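Undergrad: Given next are the chains, with one letter for each unit.
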Amino acid sequence: MILLDCVTKNFGTFTAVDNVSYSIQKGESFALLGPNGAGKTTIVRMLLNFITPSSGKITIKGLPAADPESRRHIGYVAEQHRIPPYLSGLDYLSRHASLIGLSGQAAKGQIENVLEMVSMKGRERKKSATYSRGMKQRIGLGAALLGQPELLILDEPISGLDPIGIRDIRKIIETLRGQGVSIILNSHLLSEVEKTCDTAAILYRGKILIKDTISAIVKDHETLEDVFFRYIEKENE
Amino acid sequence: MNNVLKISVYTMWDQMRQKSVYVLLGLSVLFIWIIRGCYDGGYSINGHMVDNTTVAWHISKIVFHLITGGMFLMVSMLSMKIFSRDQEDGSAVLFLSRSVFRWHYVLGRIAGTWLLCLIFMFILHATIVLTVWAKTGALISGYLSASLVCSVSLLFVIACVCLLSLFLPDFISALFTFGIFFVGFISDGGYQILNSDLLRSAGPAMTNPAPALWRVLYPKVFMVQAYADAIIGNSDFHNMGPFHPLLNLSFFILLILALLLAGFHRKEI
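Protein chains in written order, with my numbering: chain A, 1038 to 1274; chain B, 59 to 327.
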């Protein structure tokens, strides 16, 4: 589904992502873990071609990430999802639906569905300027779910959400996993990752320290958090 | 191409959501209507009274050029923020996280802004036609074709400001574009004055040397304006060099758009 081959990204003299290689299979639910500045968001931005790698190759479904066709079946929720303040949630979703190629009743039906899923029904006609951060995240997730994506990229999707919102998103992720949707989840909340993902990679200073299934990474009597800190501390020594 | 159309429509729609667009349009139409009083006679030159039609003719031409100048200002204000605003409010991510080529996005934004301003300017220029018609009974349709000619200059402004805004702060990019205008105004304006019928009739002492190559090749925004003026008056147009100003400006628009697309292709979102 996704292949990163020796990908490096430099910003001037700073190396944000350093020779990263990994692949994600179809239906895999993959978590990218790491402290702030580890390079998680940079990898996501490269997957969406918002920035280009300094070296290395990224392919999505066999297509280079630079090819817009590779994003046809991707849903993306940004950390602190931004919605133009003059648009209502409904306008925002309609634009996404139109760009995907949905129109008429098909678009209307899917928008209704996702509004229901993200619990924004009844509030979709208000301007996004009046939305809280959590509501924007929900609308962002709704937009990502339009068009039945094969891959969902979630960059800190639960930041700004209340416990109910976090539970809702966890449920949505679990449903999508059941439908065979591949998921890339960037998150600081290790307990959430443990509950929702099959595989994980720990990223630190742009390098992948480990990538494996969560069951293989987490040994007996340990949590993912223990493993995370063990790897980070080892790297700091 | 479908995406270019969609993004153009969104761009126009987003601008039209702002009440200030309607307020500005309303005030401008009102202004043009109010100055119809100037079209009345009562002017005398060298002791001769000038008839209403001649007065209306000259004043309406001045208003025509003032509107175009105002539109240059408006369009540069709108275009200088296209990319930075989209980056800030999430519009760029909205479009580019989908299967939209970057050139679709750039051309869609530019086309939408241009079409909106073209319509805005056309309405104002059409108001002049109606006002002159109502006041003098003369229907000068040349204003409408001249308006469409001036819209090419609007596209040049949008492309230029957008290109510069990739590398310069927004306001500086608009200012820089006006700097380009100003140089053209001096160069082409001087040429037009030297070739005016008034100076030509002054006698053979007035010689007009061939302009320097850079002046011939320079973006001909002012010359397009002079060409529009010639269309209105159905008069001779004194071109500088072998290339028609519309051809010159179209070349620069294509060149700037190519540079803009190449520049935006590498831009980080």
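Hints listed in this document are in silico derivations from the structure and should not be mistaken for laboratory results.
These numbers were taken from a predicted model, which means no experiment stands behind them.
Incorrect hints may have been included.
Cross-link-like lysine to any residue pairs, in silico, SDA-like; alpha carbons within 20 angstroms at most [to be verified]: (1) A/1098 - A/1059; (2) B/64 - A/1141; (3) B/64 - A/1125.
Undergrad: Evaluate each hint against the coordinates.
TA: Against the structure, the hints:
With a CA separation close to 14 angstroms, the supplied pair residue 1098 of chain A and residue 1059 of chain A stays within the 20 angstroms bound. Pair hint residue 64 of chain B plus residue 1141 of chain A holds up; C-alpha atoms about 15 angstroms apart against a cutoff of 20 angstroms. Distance check on the hinted pair: residue 64 of chain B and residue 1125 of chain A sit about 18 angstroms apart at the alpha-carbon level, within 20 angstroms; holds.
Checked against the numbered hints listed earlier, the structure breaks none of them; every hint is satisfied.
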